[in-house]
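> Chains as they are written, first to last, in my numbering: chain A, 1 to 262; chain B, 263 to 403.
It cannot be assumed that every hint is accurate.
[Stated by the list, open to error] Pairwise CB distance ranges (calculated):
{"#": "1", "chain 1": "A", "residue 1": "146", "chain 2": "B", "residue 2": "360", "range": "38 to 46 Å"}
{"#": "2", "chain 1": "A", "residue 1": "191", "chain 2": "B", "residue 2": "288", "range": "35 to 43 Å"}
{"#": "3", "chain 1": "B", "residue 1": "323", "chain 2": "A", "residue 2": "211", "range": "30 to 38 Å"}
[Said to hold, decoys possible] Partner residues are not named here, just some residues of chain A that face chain B (Cβ under 7 Å, in silico):
{"#": "4", "residue": "113"}
{"#": "5", "residue": "151"}
{"#": "6", "residue": "152"}
{"#": "7", "residue": "171"}
{"#": "8", "residue": "172"}
{"#": "9", "residue": "174"}
{"#": "10", "residue": "182"}
{"#": "11", "residue": "183"}
{"#": "12", "residue": "185"}
{"#": "13", "residue": "188"}
{"#": "14", "residue": "190"}
{"#": "15", "residue": "191"}
{"#": "16", "residue": "192"}
{"#": "17", "residue": "228"}
{"#": "18", "residue": "229"}
Calculated directly from the structure, the hints in this document are not laboratory data.
In this text the structure is predicted, and so the values were computed from the model without any measurement.
Ideal Cβ positions, reconstructed from N, Cα and C, are used throughout, including at glycine.
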Amino acid sequence: MLYRQRLAWGALALLLAATVGVAQEPIRPDPVRSGRDFQAPETRAMQDDDGANPGMLWVARGRALWDEAVGAARRSCASCHGRADETMRGVAAQYPRVDPSSGRLLNLELRIQQCRGERQDAPVPRFESDELLALTAYVAHQSRGMPVAVSVDGAARPFFDAGRAAYFQRIGQLNLACTHCHDANWGRMLRGDRLSQGHGNAYPAYRLDWQAVGSLQRRLRFCNTGVRAEPHPFGAAEYVALELYLAWRAKGLTVESPAVRR
Amino acid sequence: MRSRLVVAGFLAGAALAASAWAAEDAQNEPLTGVPGDAARGRAVVLSRTLGNCLLCHALPVPTERFQGDIGPSLAGVGSRLSAGQMRYRIVDSTRLNPDTIMPAYHRAEGAVRVAGPFRGRPVLTAQEVEDVVAYLLTLRE
Numbered sequence: 001m002l003y004r005q006r007l008a009w010g011a012l013a014l015l016l017a018a019t020v021g022v023a024q025e026p027i028r029p030d031p032v033r034s035g036r037d038f039q040a041p042e043t044r045a046m047q048d049d050d051g052a053n054p055g056m057l058w059v060a061r062g063r064a065l066w067d068e069a070v071g072a073a074r075r076s077c078a079s080c081h082g083r084a085d086e087t088m089r090g091v092a093a094q095y096p097r098v099d100p101s102s103g104r105l106l107n108l109e110l111r112i113q114q115c116r117g118e119r120q121d122a123p124v125p126r127f128e129s130d131e132l133l134a135l136t137a138y139v140a141h142q143s144r145g146m147p148v149a150v151s152v153d154g155a156a157r158p159f160f161d162a163g164r165a166a167y168f169q170r171i172g173q174l175n176l177a178c179t180h181c182h183d184a185n186w187g188r189m190l191r192g193d194r195l196s197q198g199h200g201n202a203y204p205a206y207r208l209d210w211q212a213v214g215s216l217q218r219r220l221r222f223c224n225t226g227v228r229a230e231p232h233p234f235g236a237a238e239y240v241a242l243e244l245y246l247a248w249r250a251k252g253l254t255v256e257s258p259a260v261r262r
Numbered sequence: 263m264r265s266r267l268v269v270a271g272f273l274a275g276a277a278l279a280a281s282a283w284a285a286e287d288a289q290n291e292p293l294t295g296v297p298g299d300a301a302r303g304r305a306v307v308l309s310r311t312l313g314n315c316l317l318c319h320a321l322p323v324p325t326e327r328f329q330g331d332i333g334p335s336l337a338g339v340g341s342r343l344s345a346g347q348m349r350y351r352i353v354d355s356t357r358l359n360p361d362t363i364m365p366a367y368h369r370a371e372g373a374v375r376v377a378g379p380f381r382g383r384p385v386l387t388a389q390e391v392e393d394v395v396a397y398l399l400t401l402r403e
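Can you make the complete structure from the sequences, with help from the hints?
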């Protein structure tokens with residue numbers, strides 16, 4: 001009798017755990033599709049032609065900045081890293097990643113800021129400044145065509161879990177989470193726009209509505225504002241963790257930066 | 263034996279409660295004493311800052327070019343749902359489906375990280391909800 005009783009409670013507990021746990025399970029879209037597939041043909045054509053892609057202007061500026069000696073140390077990126085087309089190949093595909101010295105999760109922008117401040121003894125470029133966007137786009141561009149390949153194990157695990165929780169958290173007056181649009185409804189029309197799967201592999205990207213290159217966090221802030229939520233400041237740990245979850249979700253896609261989006 | 267009965271009773275109770283919860287899908291009592299105004303409701307539905315319903319739903323309004331298809335079309339909704347059923351869905355549709363993408367339009371509690379100007383306020387006032395219901399009731403097939 002006792003045994004059966006235990007069985008019944010066990011089954012009930014399992015049922016409850018399953019019901020509560022469902023929304024928190026990490027989900028990868030199937031099939032995985034880049035945001036590129038949701039753009040108008042002209043926008044895709046613009047991305048595919050480096051001569052027409054305005055994002056390449058930021059890449060060119062980044063290339064020049066890479067070799068420029070800065071700060072009290074009069075050191076350029078190249079002083080330590082050499083040729084970016086050799087040493088930076090595949091690097092952006094692994095970001096965000098945990099910085100072993102501080103234990104913090106860094107995205108590419110934060111990593112470049114760290115180099116500028118700590119290793120080059122130079123002023124730290126502000127978020128969304130031309131300097132930071134250009135360097136980020138230049139480094140990201142070295143991984144173009146390479147598969148997104150972040151680590152979510154070991155030291156990265158707690159950040160991944162936080163990012164996943166943020167992804168499923170309903171926020172704002174409209175009370176929506178990322179999952180409601182980008183898992184459950186991608187491909188459908190939101191007024192005149194087709195909902196994408198919400199991947200970050202385009203970024204830094206040139207957006208036609210910005211008429212400029214911007215970071216993934218700028219795009220996340222725009223989503224937050226859309227659901228009438230208070231956006232986090234640039235560089236907030238919550239956003240970097242969310243970027244890690246997004247990169248995990250994007251498995252099977254390649255880095256497209258600087259992509260072109262509507 | 264007794265413990266088994268208790269478990270069975272608990273499960274039966276839970277099932278009953280669940281079915282009662284699922285069966286409720288209407289809120290027949292109006293939110294205000296002022297009857298809804300269909301013309302004002304139409305303006306709320308089409309407004310990009312108030313209802314913004316076209317973001318997700320199609321409506322039989324041919325002058326509006328871009329209409330969403332995330333939710334069901336609202337053409338003929340007045341023949342399918344009663345005023346009480348509409349009110350129930352507009353006020354807080356998570357009561358019908360906890361995972362729904364449809365925002366709760368008249369519930370101020372429970373929202374997280376709401377941006378300053380919207381904090382503590384529902385998306386629509388009680389009267390706006392009544393006006394929207396009045397308009398949707400005119401969409402008959």
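> Next step is simple, just say for each hint if it's right about the structure.
Cross-check of the supplied hints:
no. : hint                         : in the structure
1   : A/146 with B/360: 38 to 46 Å : holds (39 Å)
2   : A/191 with B/288: 35 to 43 Å : violated (29 Å)
3   : B/323 with A/211: 30 to 38 Å : holds (32 Å)
4   : 113                          : violated (25 Å)
5   : 151                          : violated (29 Å)
6   : 152                          : violated (25 Å)
7   : 171                          : holds (5 Å)
8   : 172                          : holds (6 Å)
9   : 174                          : holds (4 Å)
10  : 182                          : violated (11 Å)
11  : 183                          : violated (10 Å)
12  : 185                          : holds (5 Å)
13  : 188                          : holds (5 Å)
14  : 190                          : holds (5 Å)
15  : 191                          : holds (5 Å)
16  : 192                          : holds (3 Å)
17  : 228                          : holds (5 Å)
18  : 229                          : holds (5 Å)
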